[in-house]
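S.K.: As you go down the protein sequences, you meet chains W and X in turn.
Okay, so the first sequence: first residue is 1 according to the numbering used here, each after it adds one.
Okay, so the second sequence: first residue is 1001 according to the numbering used here, each after it adds one.
Among the hints, erroneous ones may be present.
Claimed, not checked - Straight-line C-alpha distance at most 30 Å; calculated BS3-like pairs for lysine-lysine:
| # | chain 1 | residue 1 | chain 2 | residue 2 |
| --- | --- | --- | --- | --- |
| 1 | W | Lys-68 | W | Lys-105 |
| 2 | X | Lys-1068 | X | Lys-1078 |
| 3 | X | Lys-1024 | W | Lys-100 |
| 4 | W | Lys-100 | X | Lys-1078 |
If you are wondering where the hints come from, they were derived from the structure by calculation, not from laboratory data.
Owing to the predicted nature of the structure, the values given are computational and were not obtained by experimental measurement.
Below, each chain spelled out in residue letters.
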Amino acid sequence: KQEVTQIPAALSVPEGENLVLNCSFTDSAIYNLQWFRQDPGKGLTSLLLIQSSQREQTSGRLNASLDKSSGRSTLYIAASQPGDSATYLCAVSGTGANSKLTFGKGITLSVRP
Amino acid sequence: DAGVIQSPRHEVTEMGQEVTLRCKPISGHNSLFWYRQTMMRGLELLIYFNNNVPIDDSGMPEDRFSAKMPNASFSTLKIQPSEPRDSAVYFCASSPLGTRAETQYFGPGTRLLVL
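The shape of chain W in the complex, shown without the other chains:
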């Protein structure tokens, strides 16, 4: 059974800092990995999707990397801003396009002005 772990559960950084959020998964046979953002009281918004054959994806100040063999992914946020404060969840899907997503519990990020 796939398990997804995100440690630490919470992180507080000063504005402007570059930061890395970690995600690990137990079964390396994945189809893809996604990073989501969840604001308080809101639903999830997809940030980046990395296919199993890819090493990284970039969108603006966000860069997500994937090391499938070691069961790890990182989300890099450059020049953090208070507006980046949210909970970030990673999710993996098993092999095969119809496999369900398994989510981590998320990392709650607070960026202090």
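Given the coordinates of chain W, work out where chain X should sit on it, guided by the hints.
M.R.: Below, chain X without anything else, positioned relative to chain W:
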């Protein structure tokens, strides 16, 4: 597009009552998902529909839970009878194609409290 629409946004009910949650997916999306989020268990998939047909309901916790999708623009998740342990945020999500592995678009959620 208005995105995925869920109603009600908040629901408070007493144990034993029937609860019905509603979802309108993004127009043109073929897949619809119901999730439950709690602090203890995180986000869990309850059921997945493709072209209005339930494909995988292995995440539905027990017979008290049922879900329907009578047409491409509407789905319901019903809990009868409700119990305090059902208190959670319930999310509906949709995706354009027929697979679970692509990007999903989430609604704002329904916050359910069962007293």
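S.K.: Each hint needs a verdict: does it hold in this structure or not?
M.R.: Hint-by-hint comparison with the structure:
With a C-alpha separation of about 20 Å, the suggested pair W:Lys-68 and W:Lys-105 falls inside the 30 Å cut-off, and the hint holds. Distance hint between X:Lys-1068 and X:Lys-1078 is fulfilled; the C-alpha atoms sit about 9 Å from each other, no more than 30 Å. Between the alpha carbons of X:Lys-1024 and W:Lys-100 the distance comes to roughly 21 Å, so the proposed pair stays at or under 30 Å and holds. For the hint pairing W:Lys-100 with X:Lys-1078, the CA-to-CA distance comes to about 22 Å; that is within 30 Å, so the pair holds.
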